[in-house]
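Colleague: The task is simple: from the sequences and hints, build the whole structure.
These are the residues of each chain, in order.
Number of protein chains: 4
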Amino acid sequence: MTEREMPRFEPRDPDYDRRLRASFARQGFMETLGVEIARIAPGEVDLVLPYKPGLTQQHGYFHAGTTTTIADTAAGYAALSLFPAGTGVLTSEFKVNLLNPAEGERVVAEGRVVKPGRRLTICRADVYGEKAGRPVHILTGLFTMVCIETLEG
Amino acid sequence: MTEREMPRFEPRDPDYDRRLRASFARQGFMETLGVEIARIAPGEVDLVLPYKPGLTQQHGYFHAGTTTTIADTAAGYAALSLFPAGTGVLTSEFKVNLLNPAEGERVVAEGRVVKPGRRLTICRADVYGEKAGRPVHILTGLFTMVCIETLEG
Amino acid sequence: MTEREMPRFEPRDPDYDRRLRASFARQGFMETLGVEIARIAPGEVDLVLPYKPGLTQQHGYFHAGTTTTIADTAAGYAALSLFPAGTGVLTSEFKVNLLNPAEGERVVAEGRVVKPGRRLTICRADVYGEKAGRPVHILTGLFTMVCIETLEG
Amino acid sequence: MTEREMPRFEPRDPDYDRRLRASFARQGFMETLGVEIARIAPGEVDLVLPYKPGLTQQHGYFHAGTTTTIADTAAGYAALSLFPAGTGVLTSEFKVNLLNPAEGERVVAEGRVVKPGRRLTICRADVYGEKAGRPVHILTGLFTMVCIETLEG
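Residue numbers (my numbering), protein chains in the order written: chain A, 5 to 157; chain B, 5 to 157; chain C, 5 to 157; chain D, 5 to 157.
Read the hints as simulated data drawn from the structure, not as lab findings.
Fair warning: this is a prediction, and the values are worked out from it, not measured in the lab.
Check before you lean on any hint, since a few could be wrong.
Within a straight-line C-alpha distance of at most 25 Å, the following computed PhoX-like cross-link-like pairs (lysine-lysine) qualify [said to hold, decoys possible]:
#1 C:K135 <-> C:K56
#2 C:K56 <-> D:K56
#3 A:K119 <-> D:K119
Modeller: Encoded structure:
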């Protein structure tokens, strides 16, 4: 995303914040990891994951699976924030580049909608590790999210 | 990968099986999820993850983060199985397509080396959900793994 | 794709071969490159691109843009071969890994459907360089294709 | 890339502009397509491709292969602009999302370095179609570039 295009989005469901939190609360895996919602805005969701030993790979860093999970979840909910009522979100595909070792007291994922659509919504997400207050860019990714009809979000 | 090319690989470290299991045992996240090693061969690693409620997304399926994690780990260890002694593996980047809902009593990831290299090794991984004994293809992905020098694998 | 799953597909449009060739003939870029159709089957399309100087990158190999183009086109037409009459194909996204220098008298792309769907069809494609009759694996990729309604295929 | 991190890069080869243009001039495929360099700065390269009939897909738009090619090339040269003298660039892998039909009088690719490295440099690229002076975002992608030793750039 360049400076050229910094889109602002209008939510189609005025109740998007509540619907998003209700969906998040149903994800058992978020509780297992210890992920918390830091911020919700139309087309933008930030998630935070504090460090704990059960999240590590073999060298003691956050496992790539954990940083990828919060990137995917932040991107998915960024998309969901723009979907109409009565719909839910599924990830169709994504790609991530791991830029630096995932060190820090916590990692923060910033999910952003790049291009909303009726069926497919394209998002990006970036993950930063925070070590002594200084952010390090540890992951950047692109995601395709699908809008599905569902009773439960 | 087509029928044209079904490579067989020679491990450079005869002790690759032990080294791989020692690295796996150091991954706190594997224990948190409940992942087990099902098979190790040169350039090939299969992992199994049984269902439990703490692994789910909002519709009750395995979270994409869990299936992606075992795909990435199976691919990484498939690469490590061909690395020389005194080295370890880091994921540089990957891409996954999610093909079907991740249902089943367990999911199985099959990591395979596509192209070994001194620095970069390209792998693929597929994940299958097993429901009443019948496998369903739920994820396919491509991975770039980096060989790093390390004392601890 | 592993040995587990080697799907065979039934075309929904019996006229798929003619429709696919008509669409291919409308692509000005295929003529510019010099791409030819080598094989069409349900869910499978092979394309061939002979070497010429106007296709090279700075070291004299086939430009990654040319091998990517035939991979994308082979994957797209593999998907189209399974679409119903009155529809066309658009690429939504893809990812490629470049495995070896793209050398040879010609390069061959093999597009294969991994998972057909009503809206989204997931494909893979592999490109081989042929040098003195011996194939070298130079690209592997994953693609998401979209089925769109169109009068002209 | 978020607002958090807008890196500025120092070139290691003061002669990077000349070296980059010399490499570009050796790419036969750039001349076949009609690509021109619009801008070079450390870690940033913009390329322009005017419309012509020989670049189209079956519906008359720019072929995804052409927009992908200029995205890859802009990203590769953005990386090369930061490499030391006596080296060249190869694409290891990339992923693109196609956001809108590739319409317009011309398409512009903006390649940007996200994370420079000694061996691997991660870049993004965006392509915009310009129709009656108004840009439309048609492609976003992520790229891994490899620095190789070479006499010729």
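Colleague: Look at each hint and say if it fits the structure.
Modeller: The hints, checked one at a time:
1. C:K135 <-> C:K56: Holds, because 14 Å separates the two Cα atoms, which is no more than 25 Å.
2. C:K56 <-> D:K56: With Cα atoms ~20 Å apart, K56 of chain C and K56 of chain D stay inside 25 Å; holds.
3. A:K119 <-> D:K119: 24 Å, holds
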